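If you're matching them up, the sequences are chains A and B in order. This note's numbering puts the first residue of the first sequence at 131, with every later residue one more than the last. This note's numbering puts the first residue of the second sequence at 779, with every later residue one more than the last.
Each hint should be verified, as a subset may be incorrect.
Stated by the list, open to error - Partial list, derived from the structure: chain B residues whose beta carbon lies under 7 Å from chain A:
no. : residue
1   : SER894
2   : GLY919
3   : LEU942
4   : GLN970
5   : GLY974
Note that these hints are calculated values from the structure, not bench results. All values reported here derive from a predicted model rather than from experimental measurement. Glycine included, every Cβ here is placed at the ideal spot set by N, Cα and C.
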Amino acid sequence: MFGLAIIFGCIVGFALGLTGGGAVFLQFLYWFMDWQWVRAKRWGFP
Amino acid sequence: MGPREAVGISLAAVGGTALFGAVPRLMRGEVELRTGLLFAIAGMIGAPIGSYVSKLVPENVLLLMFAGLMLVVAWRMWAKSRNPKLPSGVCSTESTPDGDRSACRRDGDGQLRLTSRCARLLVLVGLMTGVLSGMFGVGGGFVIVPALVLFTGMEIHRAVGTSLFVIVLVSISGVASHFANGNSLSWETTLQFLIGGFAGMWLGGILAKRLKGPTLQKVFSVAVVLVAAFVIWKSVAL
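The shape of chain A in the complex, shown without the other chains:
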């Protein structure tokens, strides 16, 4: 399934399109991914 990666891609893309910056929000993604439940394959992450 299309998972959380799409949502985060959308957030980062929106920030980039609006402000020219936003890849820093991926730091937030890494922090978020540390939560075990996000690692579950149902969210689309290996």
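Dock chain B against chain A, hints included.
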């Protein structure tokens, strides 16, 4: 997913998304190619230096330094949005008196006169931008845009377009070195990021076009403050 693969996916996804946003802006004349190229080359040289320096400083101190820098940047951008004529002391327009000693000048239609003195300044600022992005492990957009606005007197919409162009170049170099070091990445996850990224870029671009320069600068300042708040919280939690 290992951290190396996550970095590779970030670079590929952010670079691809930035390319999707940079092309239409390039066609609309919202990208200053020469300034962007100077920034990108200097940034690529500066990033490994910053990355090396970051190993000498504890991570929570580094994060607090980054948050402090972001808050100063946000304040400067907000002040400039309220008073666009606020002098930066670095870049002036044709209307400035002859005695002006600014390194860079913009002519009447806003084009930057790239003299050797100005080019040296841009390389120096680009180098500093690269060092900062290498030090704090960020893509650089939140450092490049204010540097372009505050140091080169660039209008915010053009700074956004030029920043996307710089991000594309830096990401290409990053992805190439990722593969050259024998690393791989999950194309499935990268594709998902890109699908979301294209949608987000399209929406962000529409909104940015509708906002006037000073309003967009204020939006930028708020985004930077949010990042700083997140970083402070993270450094305290470490």
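Against the structure, the hints:
1. SER894: Violated - the Cβ of B:SER894 stays beyond 7 Å from chain A, reaching only about 27 Å at its closest.
2. GLY919: B:GLY919 check passes; min Cβ-Cβ to chain A is 3 Å, inside 7 Å.
3. LEU942: 6 Å, holds
4. GLN970: Where the cut-off is 7 Å and the nearest Cβ of chain A is about 4 Å from B:GLN970, the hint holds.
5. GLY974: Where the cut-off is 7 Å and the nearest Cβ of chain A is about 3 Å from B:GLY974, the hint holds.
Figure legend: structure checked against the earlier numbered hints; the only hint not met is number 1.
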